[in-house]
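Each chain, written out:
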Amino acid sequence: MLISEETRKKLAELKDKYPTRQASIMPALHLVFDEFGYLGVEQLDEAADIIGVSRLDMNETASFYTLFPKQKVGKYLIQVCTNLSCALMGADNLVEYLEEKLGIKLGETTPDGIFTLWNVECLGSCGTAPMMQVNDEYYEDLTREKVDELIENWRKGEGS
Amino acid sequence: MEKILFKHIDTPDQNKIETYMANGGYTALPKALKEYKPEELVEMVKKSGLRGRGGAGFPAGVKWSFLPKGTDRPVYLIVNADESEPGTFKDRQLLEYDPHQTLEGTIISAYAINCHDAFIYFRGEFAYAAKVMERCIEEATEKGFIGKNILDSGYDLNVHIFRGGGAYICGEETSLMESIEGWRALSRQKPPFPAGEGLWRCPTIINNVETLSNVPHIVNKGAEWFASIGTEKSTGTKIYCLSGHVNRPGNYELEMGVNLKELIYEYGGGILDDRPLKAVIPGGSSTPVLKADEIDVKMDFESLAAKGTMLGSAGVIVMHDGTCMVSALHRLIHFYEHESCGKCTPCREGTNWMQKILTRMIRGEGKPEDVDLLFDIASNVIGNTVCPLGDAAAMPVMSFVEKFRDEFDNICNGGKPKGTLKFPFK
Amino acid sequence: MADQVTLTIEGREVTVPKGSTILDAATRLGIVIPTFCWDPRLRSIAACRMCLVEVEKSPKLVTACAAPAMDGMVVKVFSDKAVNGRKAVMEFQLVNHPLDCPTCDKGGECELQNHSFSHGPGQKRTSEPRNRVIFDGKYVFDEIPIGPVIWYNSNRCIKCYKCTRLVKEIAGDADLGAFNRGYKTILHRHKNVPFKSEFSGNTVQYCPVGALVADSFRFKERTWMLEQTPSVCHLCGDGCNTALWHQGQKLFRIYARWNNHVEDGLICDRGRFGGLYADDERRLQHPQIRKEGKLVEVSWNEAIRYVADMLENIMDKHGGESIGFIGNEMLSNEEAYLFNRFARQVIGTNNLDFRFEDRHLPSKELNFHLLSIMSDRVPYIDFKKFDNILFVGADSEVRHPVLTLWVKRAIYSGASRTYAAYHRKTDYNLHPAESIEYFPQGEYNFLLCLYKALKGDDIKDITSSAGVRAEDVEKWAEDFKNGKTLIFAGEDVYNNPRGTENIQLIEAIRDLLGQESKVNILFDGANYIGNILCGATPGILPFGVDNIYDNRKALADSWGAEKLSDSEGMNTAEMLNAAAEGKLKALFILGADPVGFYPGRGIAEKAMKKAEFKVVCETFLTETGKSADVVLPLAAFPEYEGTLISTEGRLQSFQKAYETAYTSAEGWRIMLRIMQKLGFEEDYNGPEDIWNEIGDNSEIFSNISHKGVSFRGLLIDMKFDKKRETDISGFEAVEAPKPPPEYPLILTYGTSVYQKRHLTHYAADMEKIEPGARIYMNTKNANSIDIHDNDTVRVSSGKGSLTLKLTTDQRVRPGTVFIPTNFIEAEFNTLLDSKADLTFVKVEKL
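These protein sequence lines map, in sequence, to chains A, B and C. 470 is the number that the working numbering gives the last residue of the first sequence; the numbers go up by one with no jumps. 433 is the number that the working numbering gives the last residue of the second sequence; the numbers go up by one with no jumps. 879 is the number that the working numbering gives the last residue of the third sequence; the numbers go up by one with no jumps.
None of these hints come from the bench; they were simulated from the model. C-beta: ideal position from N, C-alpha, C; glycine also. Any given hint might turn out to be false.
Each pair of labels, with its calculated beta carbon distance range [what the hints assert, rightly or not]:
id : chain 1 : residue 1 : chain 2 : residue 2 : range
1  : A       : R465      : B       : E42       : 37 to 43 angstroms
2  : C       : R163      : B       : N266      : 36 to 42 angstroms
3  : B       : N156      : C       : E504      : 32 to 38 angstroms
4  : C       : A35       : B       : N165      : 36 to 42 angstroms
5  : C       : V116      : B       : W232      : 50 to 56 angstroms
6  : C       : K51       : B       : Y274      : 52 to 58 angstroms
7  : B       : N156      : C       : G763      : 42 to 48 angstroms
8  : C       : S91       : B       : A313      : 47 to 53 angstroms
9  : B       : P19       : A       : R465      : 30 to 36 angstroms
10 : B       : E42       : C       : K514      : 46 to 52 angstroms
11 : C       : A35       : B       : E141      : 55 to 61 angstroms
12 : C       : P465      : A       : E406      : 24 to 30 angstroms
13 : B       : Y274      : C       : P465      : 39 to 45 angstroms
Chain B regions said to be covered by chain C (calculated; three or more residues, Cβ under 8 angstroms) [what the hints assert, rightly or not]:
id : segment
14 : 26–32
15 : 349–355
Among chain A residues calculated to face chain C with C-beta under 10 angstroms, some are [stated by the list, open to error]:
id : residue
16 : E352
17 : E356
18 : V363
19 : E370
20 : F374
21 : T376
22 : L377
23 : P379
24 : I461
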């Protein structure tokens, strides 16, 4: 059993909340994602058994949604918006700057497992471009200075 | 003009029920429940001329009246908070800073259509907004605005929160319903339309956040008042999202029909670094682009349609003369390729194919015949897909190629790009 | 009319029922609109967009498969706009499709090839490399196995979703789905679960391209090099129409023939892949005679002469009554009829039976009763007209996969609810059925509870005798009071010590539920009804006539025989007992394997040992064959023709695909030649002659020519008395089974969904799906004695013991274990006591 007792309880509550069991899949995905930071097949299978849907359906639905990484990622998943509005405000250079700073390329995770750097599609924050999402939080109107500060703080938080 | 939706957007703690109520919130709900029958509210919204703010601009009251009369099946209301059209960021602000306004609109609208279970579907990334709304629902339930026998009217309503998982397609109403139902969000062939067969095959109404946020104000001040704002056919105010190369990007709530030029140069403070304007996308990334000399246009549904483009979600993306239009289009098509649900052939294969051609172009590997091919592929996609995502991908391609043909021809004949998409970052 | 709409397509008017699509209407006019994702059995999803047509006043093209036909609509299929729309779709379909037609199994029967030819653009405009699917982080170029018998080439897939929809929506199995999105969409199995639906083969047949291919056919032959012969599946009683694809004497594949009243184009893997046993080289090659204790090959002439001489000898010495005939339920009507003439007329005995896998065989009276119920049965396509469908004593999904498919479709469409009462949970997966599990052989007590609950009696005192809960039965009774109910009485209802009472109870229940409720009897075996009607049981003469003096006389007259035996005749159980006691001197066994499958291996072995002379006609050397005096190689089903009656009561004919292989001979020919050697003076050129004789003499089959049943089959009118008066007022619950402490578990057994006796073992695919015998036990029981999945265990009863691997299975009722009977090497029947009703066992970890 990978899923914690607490999450299992919440999953069980979902089971008969909606007209069909299948409808508890989206909330279930979020619960599992909140606990693990990614959705592996093993976790999905377990959750499917708890909410009473087929394991296949659970995996199918999970695979459709790109918000959820399907493999383990760094503690801080940095997702930089590179869609048009952000690009016009320097998102591509922001990505380059982050790559340099973290010593990794897009799509990679730092060897210490702390940072993962992704670029993503529009996050609905075009008026405050460039921006990035790190785990659940939005960081907007980014400048080099702000990025430096954020990264430093996160690194400090890791005690290294 | 007095702001309607954004009147209290900057008020601290407006997202708490006490502040919201102190500023006149939750006065429309008791009025609606006590003074109006549901069908009278539908009539009122119809009369107000309120049109859908999600992109298509369909009159909200008319949509509500499509519900089957006297059905014994449950009726569902879905609030579409899956805001993901590039260039659009208005709903997030409404939801984070004045969520009770949307919630009150939701409750009134649910009452109007005899719905007892309403769903607010947030895009997955809006974790904070969803958390705020969760708290708001608790607050409203405590005050008796949600739940059993609301304000002693005998009317019951539950409001559920659903969160998506990073899929633009879920902004499309049938995909959104598939998503709530727990499936891969493949859009459904219409007919049947949601009003007849929607969520769990029951009658369903889906409205955008901004649309429903207007409802309390219409109830409080009357349909005539609302209809008097804006233009004849596009009534009320509109939140315009200004982004890209402008000095003051952001959301501006203005009367429907504001001039685009005025929006950019006065409200937006003009073009970044005072450079010449090259192009403007007026209504979110899927709407056809306008050239610099076409921006003297009123920002309402009709005037933009007359210019061959759309108001869409009013996401205005401004590009100055340093922008490479080929790269800009590539960025947009990459998005549609990534977001196509993959159900129907033209969209699934077409977006991917167009993306591959554009990738070649920006690498300098384009061939002269590629420009026509690209246009032709887009015209084969448009109109042939299950849902509007195919059209949304094809429209920018066709308009970019038509209006900036010289840049495409140049790059496909070995020329250097006339601009870039790699802009400085402070 | 209000429920009809009239529209114009290509300038021609057509009227169709409301709710029809444009595609339906066009089909009615004979206008062909190409499709990929459309399937008449599935809801339209309009995904492929291949059926785009132009509708006047509609700014966009519409999909004909999904757009409802409306009054006054004007549709153009061949306008420039429509043609260009389809051309565009076709181009998109081909953008990433590999050009490997020369090595693709589907080549020649590929819808993509066909539509591309007739609707596609003339040349390609792509210069991009084609996308190749990435799965599990790796590029996939070739076919990969996704299940024991199915291979998958994801690059060829055009995402019509037919496979996942067939598997999920109709078969109700959750093992094939769609993953990812956009152009990265891939149809695949769950990462850790092989694609193993018992209907998996249909995905291969209905894949419009070569994405899903069958292991057994992959790279074997081009389809245009093969011939097709219409056939009917022999491996269960459902009567699926099949097509045999063969070349010379080699059988390549079996496809559904698509009879939309029977299997509706969907057959199970047992029939599709299991049927390929016919082609296995382990088949018996030559007639063999036991000489000096060993079976040695001889010529057909020698073998036939020897059999005739030996039988004549025994008839002379002990009389015809000392000879027994054991057939099987796959015999065609023609074979069964000749089998009966052989026994009754030529040998002069009523000892004949086609049933050998059960011990509690229905009496003559019960058989008549079953036939009378079946005279008022419900055909497959009408199942959905019932609100409630109840299965009693039926492992429906296993024994009747395709009949159950019709039930699942009734559930899926929302028309019916399903209830299954059996001694273990049946596996309804995504089409949930309510389920009650009673004690093994608890049908009688359960039916009594249900009957009383329906009458409103208190059943609290008797439910424990059935091992069920009163509230469950009462809930069902309540449900059945609403709407029409269809009751399926399964094999375990009548092959039961209380078979007669069970059927009486079921009729009483039906009567309580009212006129509109019906009962169907389930028969396992390709021609169970036909065997009874053609005289292959002792008490019933051909054409369903009671074996009484007057009828015997009339039959003898029509045959030109002097006199037929007046004895009652023995069924298989009685014959085996008599032979074991030395009372029966000879056995003629046609396609039966009592040693391998009779419940009581000891008695069957003893019978084979004691009888002086045993002839076994078989396709493969069976356990019974090994102890025979003569073994005659029997033709397999593609090698002869005949007629069968399915469990639906549908008379259907199957054709001969090719001449007998491996020097084998057809059953009718073997019997006829022995009969002629014994003085039978008539001759038949083939089954058609025999059928004509059956038709000439029978009320049921009169006016049905051999050709008349050839294509869609015929629901026969059995004309048996429909009303029977029975008094069940004195019925009382019987004691529940009580396992002795030393053997605490009740043994249950039955067929596996993939197997038909020993035959399917010779199909390579079935070996891959189900590699060996296992014992199934509830997790609760297993945990209590600390044994787990895949442990090797010893199962023992008072009669013997077996060593098997264990599978824990929640569907098995606690307190019982289940062993599938199909694995010859497992010798399950050594455990069975041929005298006791139930067998008790213990299970120990090794």
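Do the hints match the structure? See the list:
no., hint, result
1, A:R465 with B:E42: 37 to 43 angstroms, "60 angstroms, violated"
2, C:R163 with B:N266: 36 to 42 angstroms, "48 angstroms, violated"
3, B:N156 with C:E504: 32 to 38 angstroms, "34 angstroms, holds"
4, C:A35 with B:N165: 36 to 42 angstroms, "39 angstroms, holds"
5, C:V116 with B:W232: 50 to 56 angstroms, "53 angstroms, holds"
6, C:K51 with B:Y274: 52 to 58 angstroms, "54 angstroms, holds"
7, B:N156 with C:G763: 42 to 48 angstroms, "58 angstroms, violated"
8, C:S91 with B:A313: 47 to 53 angstroms, "23 angstroms, violated"
9, B:P19 with A:R465: 30 to 36 angstroms, "33 angstroms, holds"
10, B:E42 with C:K514: 46 to 52 angstroms, "48 angstroms, holds"
11, C:A35 with B:E141: 55 to 61 angstroms, "50 angstroms, violated"
12, C:P465 with A:E406: 24 to 30 angstroms, "55 angstroms, violated"
13, B:Y274 with C:P465: 39 to 45 angstroms, "58 angstroms, violated"
14, 26–32, "violated (count 0)"
15, 349–355, "holds (count 6)"
16, E352, "9 angstroms, holds"
17, E356, "12 angstroms, violated"
18, V363, "9 angstroms, holds"
19, E370, "4 angstroms, holds"
20, F374, "5 angstroms, holds"
21, T376, "8 angstroms, holds"
22, L377, "12 angstroms, violated"
23, P379, "13 angstroms, violated"
24, I461, "29 angstroms, violated"
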